[in-house]
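2 protein chains.
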Amino acid sequence: MFEDYIYLDNASMTRLDERVFEKMKPYFFDTYALPTSESGYSMGVEAKEVLEKSRENIAKILGAESSEFIFTSGFTESSNIALKGVVGALKRKGSHIILSKIEDYSVLNTAKALEKEGFKVTYLDVDNTGRVDPEVLKDSITSKTILVSIQHANQEIGTIQNIKAIGELCQEKEVIFHTDATHSFKRIPLDVKKIPVDLITMSAHTIHGPSGIGGLYIRKGTPLKKWMDGGFQEFNRRAGLENIPGAVGFAKAAHLVTVEENQALKKMRDHLMDRILSEVPQSILNGHKTNRTPQNVNITFEFVEGESITLHLDMRGFAVSTGSACFSRSLDPSHVILGIGGDHERAHGSVRFTLSRFTTMDDVNRAADAVASVVENLRKISPLG
Amino acid sequence: MFEDYIYLDNASMTRLDERVFEKMKPYFFDTYALPTSESGYSMGVEAKEVLEKSRENIAKILGAESSEFIFTSGFTESSNIALKGVVGALKRKGSHIILSKIEDYSVLNTAKALEKEGFKVTYLDVDNTGRVDPEVLKDSITSKTILVSIQHANQEIGTIQNIKAIGELCQEKEVIFHTDATHSFKRIPLDVKKIPVDLITMSAHTIHGPSGIGGLYIRKGTPLKKWMDGGFQEFNRRAGLENIPGAVGFAKAAHLVTVEENQALKKMRDHLMDRILSEVPQSILNGHKTNRTPQNVNITFEFVEGESITLHLDMRGFAVSTGSACFSRSLDPSHVILGIGGDHERAHGSVRFTLSRFTTMDDVNRAADAVASVVENLRKISPLG
Numbered sequence: 001m002f003e004d005y006i007y008l009d010n011a012s013m014t015r016l017d018e019r020v021f022e023k024m025k026p027y028f029f030d031t032y033a034l035p036t037s038e039s040g041y042s043m044g045v046e047a048k049e050v051l052e053k054s055r056e057n058i059a060k061i062l063g064a065e066s067s068e069f070i071f072t073s074g075f076t077e078s079s080n081i082a083l084k085g086v087v088g089a090l091k092r093k094g095s096h097i098i099l100s101k102i103e104d105y106s107v108l109n110t111a112k113a114l115e116k117e118g119f120k121v122t123y124l125d126v127d128n129t130g131r132v133d134p135e136v137l138k139d140s141i142t143s144k145t146i147l148v149s150i151q152h153a154n155q156e157i158g159t160i161q162n163i164k165a166i167g168e169l170c171q172e173k174e175v176i177f178h179t180d181a182t183h184s185f186k187r188i189p190l191d192v193k194k195i196p197v198d199l200i201t202m203s204a205h206t207i208h209g210p211s212g213i214g215g216l217y218i219r220k221g222t223p224l225k226k227w228m229d230g231g232f233q234e235f236n237r238r239a240g241l242e243n244i245p246g247a248v249g250f251a252k253a254a255h256l257v258t259v260e261e262n263q264a265l266k267k268m269r270d271h272l273m274d275r276i277l278s279e280v281p282q283s284i285l286n287g288h289k290t291n292r293t294p295q296n297v298n299i300t301f302e303f304v305e306g307e308s309i310t311l312h313l314d315m316r317g318f319a320v321s322t323g324s325a326c327f328s329r330s331l332d333p334s335h336v337i338l339g340i341g342g343d344h345e346r347a348h349g350s351v352r353f354t355l356s357r358f359t360t361m362d363d364v365n366r367a368a369d370a371v372a373s374v375v376e377n378l379r380k381i382s383p384l385g
Numbered sequence: 001m002f003e004d005y006i007y008l009d010n011a012s013m014t015r016l017d018e019r020v021f022e023k024m025k026p027y028f029f030d031t032y033a034l035p036t037s038e039s040g041y042s043m044g045v046e047a048k049e050v051l052e053k054s055r056e057n058i059a060k061i062l063g064a065e066s067s068e069f070i071f072t073s074g075f076t077e078s079s080n081i082a083l084k085g086v087v088g089a090l091k092r093k094g095s096h097i098i099l100s101k102i103e104d105y106s107v108l109n110t111a112k113a114l115e116k117e118g119f120k121v122t123y124l125d126v127d128n129t130g131r132v133d134p135e136v137l138k139d140s141i142t143s144k145t146i147l148v149s150i151q152h153a154n155q156e157i158g159t160i161q162n163i164k165a166i167g168e169l170c171q172e173k174e175v176i177f178h179t180d181a182t183h184s185f186k187r188i189p190l191d192v193k194k195i196p197v198d199l200i201t202m203s204a205h206t207i208h209g210p211s212g213i214g215g216l217y218i219r220k221g222t223p224l225k226k227w228m229d230g231g232f233q234e235f236n237r238r239a240g241l242e243n244i245p246g247a248v249g250f251a252k253a254a255h256l257v258t259v260e261e262n263q264a265l266k267k268m269r270d271h272l273m274d275r276i277l278s279e280v281p282q283s284i285l286n287g288h289k290t291n292r293t294p295q296n297v298n299i300t301f302e303f304v305e306g307e308s309i310t311l312h313l314d315m316r317g318f319a320v321s322t323g324s325a326c327f328s329r330s331l332d333p334s335h336v337i338l339g340i341g342g343d344h345e346r347a348h349g350s351v352r353f354t355l356s357r358f359t360t361m362d363d364v365n366r367a368a369d370a371v372a373s374v375v376e377n378l379r380k381i382s383p384l385g
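Taken in sequence, the protein lines are chains A and B.
Residue numbering for the first sequence follows the numbering used here, starting at 1 and increasing by one per position.
Residue numbering for the second sequence follows the numbering used here, starting at 1 and increasing by one per position.
Please keep in mind that the hints were generated in silico from the structure rather than gathered at the bench.
A virtual CB, placed ideally from N, CA and C, is assigned to each residue, including glycine.
Some hints could be false.
What the hints assert, rightly or not - Just a few of them, taken from the derived set where beta-carbon distance is under 8 Å, the chain A residues facing chain B:
no. : residue
1   : 5
2   : 10
3   : 14
4   : 34
5   : 77
6   : 80
7   : 89
8   : 118
9   : 119
10  : 121
11  : 123
12  : 230
13  : 245
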C-alpha cells in the first residue's frame with residue numbers, strides 16, 4: 001500500500017532492518033524461555049546467555065562494562081529512571097536540577113513533574129543553533145544542584161551539544177550528568193572513557209531496531225534509586241521480564257550502523273539542505289549547518305504552515321514532519337524552535353526531514369523538487385504572505 | 001536444538017503463537033510509522049488506526065470502553081503505574097494500602113518501596129489454599145485506606161481470588177481496587193461491568209503474545225497520577241512511543257485464547273495432578289484442587305529439593321520450575337508457599353508445571369512418568385529422607 005511512498009519522517013528510522021528481524025526471530029519461537037539462574041534448565045540458560053551477550057555488545061560500543069548497561073522499554077523509560085532515580089537517591093543532598101530548554105519531552109516533562117514535587121529546575125537557554133554554553137551552565141550550578149540533564153543531540157534540529165565540556169564541568173562540580181542520546185547513539189561517537197557522563201539514554205527505534213526496547217548506561221557508582229519495582233532483573237536496577245527478542249534486536253541494530261553509513265547520510269543531508277536553501281526563497285535552516293546529526297534536516301519556510309506542507313507532501317508521496325512528531329499534539333508550536341529564538345510563525349512553518357539507511361540520493365532529489373513546488377504553490381494561496 | 005524438549009515451565013506460555021507473529025509482521029516492515037494526529041501523513045494515520053483497533057479489541061474482552069485501556073511495557077510496569085499512580089493521586093486522603101501476602105513481586109515490592117516512603121502496608125494472610133477472606137479484608141480497611149491490591153490468580157499456585165466479593169467491599173468502602181490479572185487474563189472471565197474493579201494489570205506474555213507489551217485497565221474516573229512522564233501518548237496516562245507490533249500482537253494473542261482451549265487445559269491439569277498425587281508418595285498439592293487457573297499445577301515433593309527435581313527433569317528433556325521463576329534468586333524459599341502455611345522444606349520442594357496451547361496429553365503423561373521416576377531416585381539418595 002505504501003510502496004512508492006518515501007519516508008523522510010522519523011518513521012524512516014523506525015523501519016526494522018530485515019537483518020535485525022532475522023536475528024530476533026529464533027527468540028520468538030525457539031529460544032523463548034525466561035532467563036533463569038544458572039541452576040535453571042537449558043533453554044533458560046541459553047536465553048540468559050544471549051541477553052548478556054547483547055548487553056555486552058551494546059556496552060562495548062560505549063566503552064562501558066556490561067554491568068553498566070541495562071535494558072529498558074525505550075528512551076522515555078530510560079530518562080524517567082535516570083532523572084527520578086538520581087533525585088530519589090540524592091534528595092537529601094539537594095533539590096536543584098538543570099536541563100536545556102530544548103530537551104525532548106521524556107526529559108522535559110519528567111523534570112516538570114519533579115518540579116511539582118518541590119524540586120527546583122533551571123531550564124538553560126541555548127544559542128540560535130541550539131547549543132548550551134558550558135559557561136552559562138557553570139554559573140547555574142549551585143551547592144544544591146544534584147543533576148544536570150543535557151541531551152547529546154536534539155530530536156528536532158539535530159544540534160549536537162558539547163557534552164565533553166559539560167561532562168567535565170559536572171565532574172569538577174561533583175554533579176551527576178545525564179545525557180539523552182536517543183538521536184545520536186551510533187550516529188555520533190560517545191565513549192564513556194573519554195567523556196565523563198554518568199547516565200546515557202538510548203533507544204533501538206532510531207537505528208532500525210525494534211519498538212519497545214531501549215537502554216540506559218549507568219556509570220559504576222552512580223547513586224540511583226530503583227524506579228520500576230518488582231523482580232530483581234537487570235542487576236536489580238529495573239524490574240520486569242526480560243524482552244529477549246528486543247534485546248537481541250537492539251544489539252544487532254547497533255552493530256549494523258557503520259561509519260560509512262553515517263558518512264552517506266551526511267552527504268545526503270548536506271545535499272538536501274543545500275538544494276532547499278538555495279532553491280526555495282525565504283527558507284531558513286533550523287539548527288547548525290555542520291554540527292548536527294547525520295540524519296537530520298530542519299527548515300522553516302516563511303509564510304507557510306508546516307502542517308500544510310506535510311499534508312501536501314503526503315499527497316505527493318512523501319512523509320515529513322512538523323513540530324515534534326513524538327507526540328500527538330502537533331498544533332502546539334515546537335518548543336525547540338522557540339528555544340533557538342524562533343517565533344510562533346517560524347515554529348509553525350518548520351519541517352523536519354529524517355534520513356535513514358533506506359534513503360537514497362534519488363529520494364532526496366525528488367523530495368527537494370516536491371518541497372520547492374509545494375511551498376511555491378502554498379505561498380500563492382497563503383494568507384500569511 | 002530444543003526440539004524434543006517439553007516445556008512445562010512458564011516459558012510454555014511465552015512461546016509466541018505463529019498466528020500472532022504473522023499478524024505483527026506487517027507492522028515491523030510495512031506500516032512502521034509512529035501514530036500521529038489526524039493531520040499526519042497516511043501511514044501514521046494507519047498506525048494510529050491499528051493501535052486503536054487493538055486497544056478496542058482488548059477493552060471489549062473486559063467489557064470496558066477503549067478509553068479505559070492503556071498499553072504498557074508489561075505487567076511489572078502496569079502494576080507500578082497502578083499502585084504508584086493511585087497513591088500519588090490520593091496521598092492527601094490517606095496513606096494505607098492493603099495487599100495479600102502472596103502477590104507477585106511487581107505488586108509486593110512496589111508496595112515495599114512505598115512503605116519506605118512512609119505509606120503503611122497491610123499484608124493480608126491467606127488460607128491454606130491461598131485465598132484472602134473478604135471478612136478479614138473488611139476488618140483491615142480503615143478511614144486511611146486508599147488502595148487494595150489483590151491478585152486475580154496466583155503466579156505460582158494458580159489460586160483464584162474472590163475478586164467479586166473483594167471488589168464489592170472496596171466499592172462499599174470507597175477504596176480503589178487493583179487486581180493483577182497477569183496469570184488469569186483470558187483464562188478466567190473478568191467483566192468490569194459485573195465486577196467492580198478499578199484497575200487491572202495484564203500481560204501478553206502469558207497468552208503466547210510478544211514480550212515487552214502489557215496493559216492496564218483504568219476504570220473511568222479512577223484517580224491516577226501519571227507515572228511515566230514524557231509525551232502525551234495513551235490518553236496522556238503513559239508516555240513513551242507506541243509499540244505497534246506489540247499492541248497488534250497482544251490483541252491477536254488475546255483473541256486466540258478460546259473457551260475450548262481453557263477446557264482442554266483444565267483437563268490436562270487435572271490429569272497431571274491426579275496422576276502425580278496418586279502415583280508419587282508424599283506429594284502435596286499447593287493451592288486449591290479446582291479453584292485454580294487452567295494452566296497451573298504446583299506440587300511439593302517431601303524430602304526432595306525442587307532444584308534437584310528441576311535439574312533432573314531438565315536432563316530428561318522437561319522444563320519445570322521451582323519457587324518463583326519470575327526472577328533470578330530462586331534459592332530463596334517461595335513467599336507464596338510460605339504464605340499458605342508451608343515451611344521452608346515445603347517451599348524448597350515445590351515444583352510448578354505450567355500448561356499451554358502447545359502442551360499435549362501425551363506430554364502430560366510423559367512428564368508424570370518422569371516426575372515419578374526422578375522423585376523416587378532422588379529420595380533414594382536424599383539426606384532429607
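Here is how each hint holds up against the structure:
{"no.": "1", "hint": "5", "verdict": "holds, 7 Å"}
{"no.": "2", "hint": "10", "verdict": "holds, 6 Å"}
{"no.": "3", "hint": "14", "verdict": "holds, 5 Å"}
{"no.": "4", "hint": "34", "verdict": "holds, 6 Å"}
{"no.": "5", "hint": "77", "verdict": "holds, 6 Å"}
{"no.": "6", "hint": "80", "verdict": "holds, 6 Å"}
{"no.": "7", "hint": "89", "verdict": "violated, 13 Å"}
{"no.": "8", "hint": "118", "verdict": "violated, 13 Å"}
{"no.": "9", "hint": "119", "verdict": "violated, 13 Å"}
{"no.": "10", "hint": "121", "verdict": "violated, 13 Å"}
{"no.": "11", "hint": "123", "verdict": "violated, 15 Å"}
{"no.": "12", "hint": "230", "verdict": "holds, 4 Å"}
{"no.": "13", "hint": "245", "verdict": "holds, 6 Å"}
When held up to the earlier numbered hints, the structure conflicts with 7, 8, 9, 10 and 11 and fits the remainder.
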